[in-house]
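Chain by chain, the residues:
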Amino acid sequence: MTREAYVTGVGMSEIGVGLERHPLLLTTDAVKEALANAGLTIEQIDGVATYPGMSHGYPGFSPVGADDLIDTLGIKAKWYCGGGELTSQLGAVVEAALAVKAGLARHIICYRTVYEAAAMKRPDEYPMARSPRASGYNQFFAPYNAVSAVNWVAQYAMRHVHRYGLTREQLAQIALTGRANGCLNPRALVQKPLSMDEYLSARMISEPLCLFDCDRYSDASTVLIVSAGDALGDVTATPIRIASMAGSVNRHSWDQAEWMASYDTGPDLWTHTDYGPKDVDTVQLYDGFSFLTLTWLEALGFCDIGEGGRFIEGGQRIARDGELPLNTFGGQISAGRLHGFGFAHEAVVQLRGDAGERQIANSPKVAVAASGGGPLATALLLAND
Amino acid sequence: MSERTLPRLDPNNRAYWTGGERGELMLHHCGDCDRYIHPPKPVCRYCLSENVAPKAVAKTGVVDTYTVNHQPWKPNMTVPFVLARVVLDEVPGVYLTTNVVGCDPSEVAIGDRVCMIFEQHDDVYLPMAQRVEGAE
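Each protein sequence line maps, in turn, to chains C and R. Residue numbering for the first sequence follows numbering that gives the first Met the number 0, starting at 0 and increasing by one per position. Residue numbering for the second sequence follows numbering that gives the first Met the number 0, starting at 0 and increasing by one per position.
No lab work stands behind these hints: they were computed from the structure.
Below, simulated DSBU-like cross-link-like pairs (lysine-lysine); rule was C-alpha separation at most 35 Å, straight line:
(1) R:73 / C:191
(2) C:100 / C:31
(3) R:40 / R:73
(4) C:277 / C:100
(5) C:120 / R:73
(6) C:75 / C:31
Starting from the given sequences, assemble the full structure and let the hints guide the process.
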């Protein structure tokens, strides 16, 4: 007898740049909202999952570990995990879903807290760990000044330009769509539309990606509560079923992968469900860099490999009132770099009809949320069924 | 003091980062299945053999893909510059991330023939790509 896993509550803190509020308090804000959203109390939580756990590698990247949250909120956990060696950010939700399916816990708080913008503003408080020499995979990038993930993603994007004729006007639709949607999200960091002219005249960061192809550091916390199918009696909100999950990693070193991991994960997602791409009402796809979103559209089978640019051309298809509404909360490009969890949060909000002004029409039933890029990928199929 | 962040040398990577002292591009090679392993590890990722050792390979290859970086990520960083992923002629399954040097960044294109040269920084010899003129 297989237990199902559901998302029963979602919560989010304010999203800001250089917030003074402590990251533990931002996390607590999101937890409280998610508990109220689900109709649960903190005493009913018996598990915690986060990505990537307490991390000191990059300032503010992950300042709240699971150990800390459990202790701070007085959670009596029967199961928990916090780690970066997962198939990307939403891998923590996959872990939690597996735990409730196995009966190890009933209600698990899954969260991602970011504080990178505050850390950049207050380097004395959040110092960069300096090492005179590079090791691990970074040794193959740092000497060449390939210091940002944008440099790695840009090279895959350039290959798309060369092989398939991807144009800047096509790729722009990811940012334009995100920014248009962000205008209807009261929490979004940027609530201002972006024009094609502004996009095309923006300064280049790493060709072919310009400033608006990149998300923006922010300070925020996002929470999803994952519950076991036999624990739904505790919950007052509409449960959203995790209908399928998939993830992959092959070469963790970014430059050795011929294809991004999403191209393995996308097809896999459909092998665990009777649903297919045609059943999907909205997609919330990682846009830490715009090109990653395009790869997800191809990888998940919404269009053929190499056709992503033409698929999003003009933007009508992926608009909020289009056939496949994309990143309806603004994505990370507009809402802020919530680092993966914002996509699952928005999928749940849309499937419940709770999205207010930005709610898509016709009572959506099925959504994909995906996180990761390069060597890591995670996809969730969420259903209100 | 080099302006670049240099790799920390260890038993696995020393041959790769110092072979340039002799003008040699050294990649980990499996003596059992004849394949190359990069980044260098003490075991073959294809046949799990420990019979792996650095081997000098041909320094020619092709730009598989690239980007021109415009963002100065650190103070004193000279921009723009080219980052490229090079596939070597005789080493299938291995990509090298490197800079393409010795030309204007706007001249670089996917498919360019390159030759790896070495740039010394302290005890490290960084493999760099240089376009091979006239060839396509």
